[in-house]
Amino acid sequence: MNNAINKEIHSGVSGKLKKRSYFAEIWHRLVKSPVAVVCIVYLAVLLIGIIFADVIAPYDDKATDLSSRFQTPNAEHIMGTDDFGRDLFSRLLHGGRTSLIVAIIAVAIGIGAGMIIGAVCGYFSSLVDNILMRFMDVVMAIPGMLLAICVSVALGSGIVNTALAIAVGTIPMIARQLRSSTLLIRNQEYIDASLLFGASSVRIILHHVIPNTLAPIIVQSSLYIGGSIMAIAGLSFLGLGVQPPTPEWGNILNNGLDHIYDVATRWHVIVFPGMFIVVTMLAFNMLGDSLRDAMDPRMRK
Amino acid sequence: MIKFIVRRIILIIPVLIGAIIIVFTINYFSSANPAMIKLGLAASDPAKLAAMEHAMGLDQSYFSQLGSYLWDMFHGDLGESYVYDKTVSELIAERIPNTLRMSIGAMILSVLVGIPLGLVAALRQNTAVDYVTTGFAILMNAIPSFLIAVVLMIVFSVHFGWFPVSGADSWRSFVLPVIAAGIGPITQNARMTRSSVLEVIRQDYVRTARAKGISENRVTSRHIMKNALIPVITLIGTGLGTCLAGSILVEMIFNIPGMGMLINSSIMSQDYITVQGCVLVCAVVVTLMNLLTDLAYGVVDPQIRARYAVGSGKRSKRAMAKAEVV
Amino acid sequence: MSDLLEIKDLVIRFDTEDGSVHAVNGIDLHIGSGETLGLVGETGAGKTTTALGILRLVPDSGKICAGSISYKNVDILKMSDKNILDIRGNEISMIFQDPMTALNPVMTISAQVMEVIERHQACTRGEARARMIEILGKVGIRPERVDEYPHQFSGGMKQRVVIAIALACNPKLLLADEPTTALDVTIQAQVMRMINDLKKEFGTSMILITHDLGIVAKSCDSVAIMYAGEIVEFGSLEDIFDRTSHPYTKGLFASMPRLDVETERLMPIAGLMPDPMELPLGCKFHPRCPHRMEICTTDNPQGTEVNYGHLVKCHLHTTKNGDMD
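Residue numbers (the working numbering), protein chains in the order written: chain A, 17 to 317; chain B, 220 to 545; chain C, 1062 to 1386.
Among the hints, a few may not be true.
To be verified - Among chain A residues calculated to face chain B with C-beta under 8 angstroms, some are:
id: 1; residue: 157
id: 2; residue: 166
id: 3; residue: 250
id: 4; residue: 255
id: 5; residue: 302
Said to hold, decoys possible - Under 8 angstroms between C-beta atoms, here's a sample of chain B residues computed to sit facing chain A:
id: 6; residue: 482
id: 7; residue: 487
id: 8; residue: 502
Think of the hints as simulated: they come from the structure by calculation, not from any bench.
Each residue gets a CB set at the ideal place from its N, CA and C atoms; glycine is no exception.
For reference, chain A alone in the conformation it holds in the complex (with noise of 0.2 angstroms):
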């Protein structure tokens, strides 16, 4: 009987259907914006291009053959090819879905772990939070990019451990919003009522606290994808990250700066895959910024 009520005014009234109408009137805001458009056109293209890079790409990405090195692009390599002879644009392809992977693991590393210890900081507010906050303070006085390092060497190369590095220095940052957030929603009406029901402290945080929290949780992820391939990028510059011959963006356009004085000749193995990088980025960051301005009419001008 009790469990038949919760469930109701869990699921149907108060959730579901508010919902739904939230997300479909800031979905209709945002493709107002051209700029939204454009970026979710051009993610679109590209995550069709990654997933189905076997079919699409024109070559076998790790396929050297080194009579065609340095080939500027022509009717046959559309992008070149690079020190190998490999052809660029099958690497790229297939480098994309690598970058893309670990950044988006590393976000949702970086969110899941944020989300849990912020909600469980702002659900108990004492002892458990006082510690956890402290030493997340403690996390974020370290700069990202040094603690990605120090991570990154302790674990060494991989999909995942590059992904883990990445995510430590985000995870204090969520953790912090959404702590913040949940002790607004904690302090709320409805709240003291599911407690009246017989409603445990798990149910609440996963019921109503993070559902309330995820817009603006959605809105940073998008920011810190681009973040993270920046990240990435900025890993396998060190020689750190994800190891060739498995080809990611980071490491394909460090390769490309090892011929940096040859430029006039090979540029495109620095121009391409730097293009890709920072469009991509920029896809992201847009796309957050205007996912941002859709939530909030406030913003809009």
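Fit chains B and C to the known structure of chain A by using the hints.
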């Protein structure tokens, strides 16, 4: 006020100890064996390896190793490099001036260029000046600092030959690196200043100031800027961290012997205790900068100064809220 | 005697993304030396915009499209930027509505008052400081508190500071924009009395913006009733209170609780003020007017002088159809 400063300085200590513990722990659980790295080829002899492990204290428990590392740190000793015949402190002392020169230069540049840029964009909102500035900021924010460094080097050093390609011999060597490391923080300061000024500009007290008949320049400098800069101060503080990280990557492009090159060569030679030391030194610098930021708040914002004078030990709610918004 | 300030056919419009907001639509006003004019109307009637227009402080999105504002026979709207700066805060000054936000939070009270004195009066820093302490003393702020910051004062005290800033240079004309709305009822009477006393002392003219007819009755010599950016009735205090002519003004009185007249119940005016983006054709008040006629929906009435100096903008009076009720 002095009481507050002292308390704030004392509060730094647990943060730094915490940072040391985190960095030490990350390294402790890494797969590499310092004794093997130190011995190099000689590590194939198990007896020598065991002796070295014992000499380095690696056979002791995690806590006693952490304890002795902390104790040494307390005396300013960051340990001995696995690779070079020097202490980590010596290595860092050799390299840190170049890095500080670069990152502080980049930070100053970001303030001197970023804030006026944001101010102009806000005062000329929705004009060409605003669009160009904002567009530039968004674009530059999406380019990794090392890539900017590469472009600057190719154009101004290799092509035009205006600046040296590498080294740290004169001030000319630092011009391009400082610009490269500073561009990220410049754009962040510009964007933050712009939105902050736009927020302040429509406040009632700006209208009150205009109604006094004072010139528009004075309204801007005394009423708008003073208020608009409060949230920007946070960003300037965190900007040093960004500049530090940025200059570490940029150093490698321009071949400037600073901490960045030290970190990089230490990573290559698996000299992890040096990496650890460098990261900690950076954390100290950033923490001190945060302290200065907090004090700067007190200078600019009388409400916060009042709270400092009362001496509530916690960081002000407003400063914290602002930090979270950023 | 010529008037101190004369507004003729003033039109102010705000251009927004969604369309034009017609805030002020061709108003005429005049005020003589030492007089107090009450500008009465609902929120959004264009009262504050009119006052800001006099100082040329209408926000950037707004534009003064037509009309003239002559102050001492010089058109403010045609003045050079430098001349208007000399007038603001010196000859004409303004008391703003919300004291909580009208003061700069990072400057001391003394600095904010001295700023206006130093701008307009040739005096040393010491003289400016003495003047600042004097004027703040007049509004009831003790000398030992002048170097404090706004956050250390209550709302009522802040409003006193705002008044001190407005009066610091003995202006000829004071624009008081609902000076008491944001204050507690107990403080309201105090602040109003203080403004009136200071005004008498300095011989200042005042335009008092309010929606409180009680305050108008106590302080004003003449009254302008504003509705949807137009002045629908203008006259002396007696004209407006005893010979009320416009249906809107009558509605205002009927909706106000009174102690001297026995009424069964208050009669609020039905409906809401029109959206200034979509003003109705004809008389702006016709959708709510109990005496609506055919002509009201198509023609905007001209002002008619029903008595000497008593102007009404209503077809009931332009058609010489004297008997109303």
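Now the hints, each set against the structure:
no.: 1; hint: 157; in the structure: holds, 5 angstroms
no.: 2; hint: 166; in the structure: holds, 5 angstroms
no.: 3; hint: 250; in the structure: holds, 6 angstroms
no.: 4; hint: 255; in the structure: holds, 7 angstroms
no.: 5; hint: 302; in the structure: holds, 7 angstroms
no.: 6; hint: 482; in the structure: holds, 7 angstroms
no.: 7; hint: 487; in the structure: holds, 7 angstroms
no.: 8; hint: 502; in the structure: holds, 5 angstroms
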